[in-house]
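Undergrad: If you want the building blocks of each chain, they are given just below.
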Amino acid sequence: MAVAAIREYSFTPLDLEEKFHGNRLLYVGWEDHLMFCAPFAFPLPSSMTFRDLVEKVLPPVYGYHPDFARIDWAAVQWFKSGQPWQPQWDESLEKNGLRHKDVIRFRTPGLTGLQGSCS
Amino acid sequence: MDMQVAKKKLGLKEKYQVMTRDLNWTPTYQKMEDIYPYVHYEGIKIHDWDRWEDPFRLTMDAYWKYQAEKEKKLYAIIDAYAQNNGHLNVTDARYINTVKLFLTGVSPLEYMAHRGFAHVGRAFPGPGPRVACLMQSLDEMRHFQTQVHAISNYNKYYNGFHDFRQWHDRVWYLSVPKSFFDDAITAGPFEFMVAIGFSFEYVLTNLLFVPFVSGAAYNGDMGTMAYGFSAQSDEARHMTLGLEVIKFILEQDPDNLPIVQRWIDKWTWRGYRVLTLVAMMMDYMLPKRTMSWKEAWEIYFEENGGALFRDLSRYGIRMPKCAETIRFEKDHLSHQAWCTFYNYTAATAFHTWIPTEDEMQWLSAKYPDSFDKYYRPRWEFWREQAAKGNRFYNTTLPMLCQTCQIPMLFTEPGDPTKICYRETDYKGMKYHFCSDHCKEIFEHEPEKYVQAWLPVHQIYQGNCFPEGTDPSAEGFDPLKAVLQWYNVVHGRDNLDFDGSEDQRNFAAWRAQATRNV
Ligand SMILES: [Fe+2]
Ligand SMILES: [Fe+2]
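As given, the protein sequences belong to chains A and B, one line each in that order.
To convert, note that position 114 of the first sequence is 114 in our numbering; the numbers rise steadily by one, no gaps.
To convert, note that position 314 of the second sequence is 314 in our numbering; the numbers rise steadily by one, no gaps.
Warning: the hint list may mix true and false statements.
[As the list claims (entries may be wrong)] Partner residues are not named here, just some residues of chain B that face chain A (Cβ under 8 angstroms, in silico):
no.	residue
1	Pro-37
2	Gly-188
3	Gln-336
4	Arg-378
5	Phe-392
6	Asn-394
7	Leu-397
8	Pro-398
9	Thr-417
10	Ile-419
11	Tyr-421
12	Glu-445
13	Glu-447
14	Val-450
15	Ala-452
16	Leu-454
Hints in this document: simulated from the structure, not taken from any laboratory.
Backbone N, C-alpha and C define an ideal beta-carbon position, used for all residues, glycine too.
Modelling step: build the complete structure from the supplied sequences, incorporating the hints.
TA: Next up, the structure:
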């Protein structure tokens, strides 16, 4: 048994995908920009395109940072669960293989935060 | 003729025997395992409960007398403090946020400790530990009550004090201390004792109480100082109990060692993660600082804790595994934590602020290897923006660690520029962690932690809005709805200290008290 208990002990996990009203969780982190203190959690429809994620969801979230407007998206490096990864911009999150509670990160070469401090 | 026989008074030793050990009996018509159902399933083997040593030999009658004396003194000070408007003597109104953090983050744990010790006291078949746990259970209830009474005085004048009980169950950052203690009281009795009695009360307690109590003293808060000292007077007994538990368990059976070591590893880490709140309090929230978090960690953990674990090595116990990770974090913890609260202060029940130039110099001096290089640029940028009326409020919810429930704000051991990401799969779902230690804790008992009530996920599931809220309605503002559900008043309890009602009121009242206005 995967828990110390006096008898049989198993319950449904609290965060199953079906509890998110048609959305699934996606976590996104921007490398070298820790002014945003932690990666973000987004509840998103799996049919959303990757392009919409980048062009509609992320700008209001990261736009406060002066580096955000300078990003050359063609040069951005993507990671999924820490491994290099190539998104298809016009495919859905589902087609991009992004499952519930996946985590992706992006690195923006040349941009390393406020005064190069990774902030 | 009647003979007057002098009543024989019991000696201390006999009295202890009669009033503790002799209260025990062996059941005849019930089975021991029915009366004490929780003592075996954790795998701890106890052969002889009589080997339990009680170094204090305190009996309940003496206990009541001592505690009543302490209460009398404490309430005299608290009353005097309240009657003299003592709150106006604190260094500046930012300090009061430290008291809010204590009331909401720590006091509810005192109450949980009361419950926990009552529960494990009942679970142990040995009369020695049972009486010791009973006393600690009452102590913890006392700590909780005196804290609430002392702090209620602040509630008359300042915001952010009015609903600590509900906040303990609902507010995102308070899920960190809450889940810590919930994890402990839902464990078996032995794990609870190692978790709270030893790891928290013995190893980490000085890092919790000393900073708050000396912080109060340095900043003119007599009320907090008074209940702090009063609670600490019970601490010697608690620490002795914590240490005795470890020694007793280890002396009973060699098979107990690996279990106890795993618990020490787990609970030192979990306790340390909760102390993140103390770290930022010491380095950022006290207008007049006592020492830095890093200095406190070095004295109370590295030196004192080091000596303790050297002492315990004769039982085969070694330093908790996490000590290495923590060594890397000590230059960064407080900065990363306060930045996080600065980010999310639209959703907190206390205020945050940018450190003043003087304070930044203090931080540079205390953290020569990290502050200027990694953190000052953030503060300077935020200060510039705030001056332009563009104060940074991060309103997108963060990713949380499944075990400690803290936003994933911690960096890789050895690389403060990279967030530390760890993940694991369990029954087809991914789980994420802030560290190797939180991941290991999960992997040992996944069935426990898959049920974690993670505030961010709960908000997204729609469970944190007032009844009748329609999240699909036009113009729905989730942050506003969540604050309503918390009973945190937007624009009053949250946001920057600068411009807050607390700031204005304190300035006006202090002016009335010190000048002819
Ligand atoms: Fe206590
Ligand atoms: Fe964690």
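Undergrad: Please go over all the hints and tell whether each is borne out by the structure.
TA: Hints versus structure:
Here the hint on Pro-37/B is kept, as its CB sits about 6 angstroms from the closest CB of chain A, short of 8 angstroms. Because the smallest distance between the Cβ of Gly-188/B and any Cβ of chain A comes to about 6 angstroms, under 8 angstroms, the interface hint for this residue holds. For Gln-336/B, the interface hint holds, the least distance from its beta-carbon to any beta-carbon of chain A being 7 angstroms, beneath 8 angstroms. The beta carbon of Arg-378/B comes within 4 angstroms of a beta carbon in chain A, closer than 8 angstroms, and the hint placing it at the interface holds.
Residue-level restraint check for Phe-392/B holds (minimum Cβ-Cβ distance to chain A is 6 angstroms; threshold 8 angstroms). A hinted interface residue such as Asn-394/B counts as satisfied when its beta carbon comes closer than 8 angstroms to some beta carbon of chain A; here the least separation is about 7 angstroms, so the hint holds. Given hint, Leu-397/B at the interface with chain A, holds; its Cβ is 5 angstroms from that chain's nearest Cβ, closer than 8 angstroms. Annotation: Pro-398/B was flagged as interfacial toward chain A, and the flag holds, the nearest CB pair being 4 angstroms apart, inside 8 angstroms.
Interface hint at Thr-417/B: satisfied, since its Cβ lies 4 angstroms from the closest Cβ of chain A, which is below the 8 angstroms cut-off. For Ile-419/B, the shortest C-beta to C-beta distance to chain A is roughly 6 angstroms, which falls under 8 angstroms, so the interface hint holds. Because the smallest distance between the Cβ of Tyr-421/B and any Cβ of chain A comes to about 6 angstroms, under 8 angstroms, the interface hint for this residue holds. Nearest Cβ of chain A to the Cβ of Glu-445/B: about 4 angstroms, under the 8 angstroms cut. The hint holds.
Checking Glu-447/B against chain A by beta carbon gives a least distance of about 4 angstroms; that is within 8 angstroms, so the hint holds. Checking Val-450/B against chain A: minimum C-beta separation of about 4 angstroms stays under 8 angstroms; hint holds. The closest approach between the C-beta of Ala-452/B and any C-beta of chain A is roughly 7 angstroms, which is under the 8 angstroms cut-off, so the hint is satisfied. The criterion of a C-beta within 8 angstroms of any C-beta in chain A is met by Leu-454/B, whose closest approach is roughly 7 angstroms, and the hint holds.
Comparing the model with each numbered hint stated earlier shows that all of them hold.
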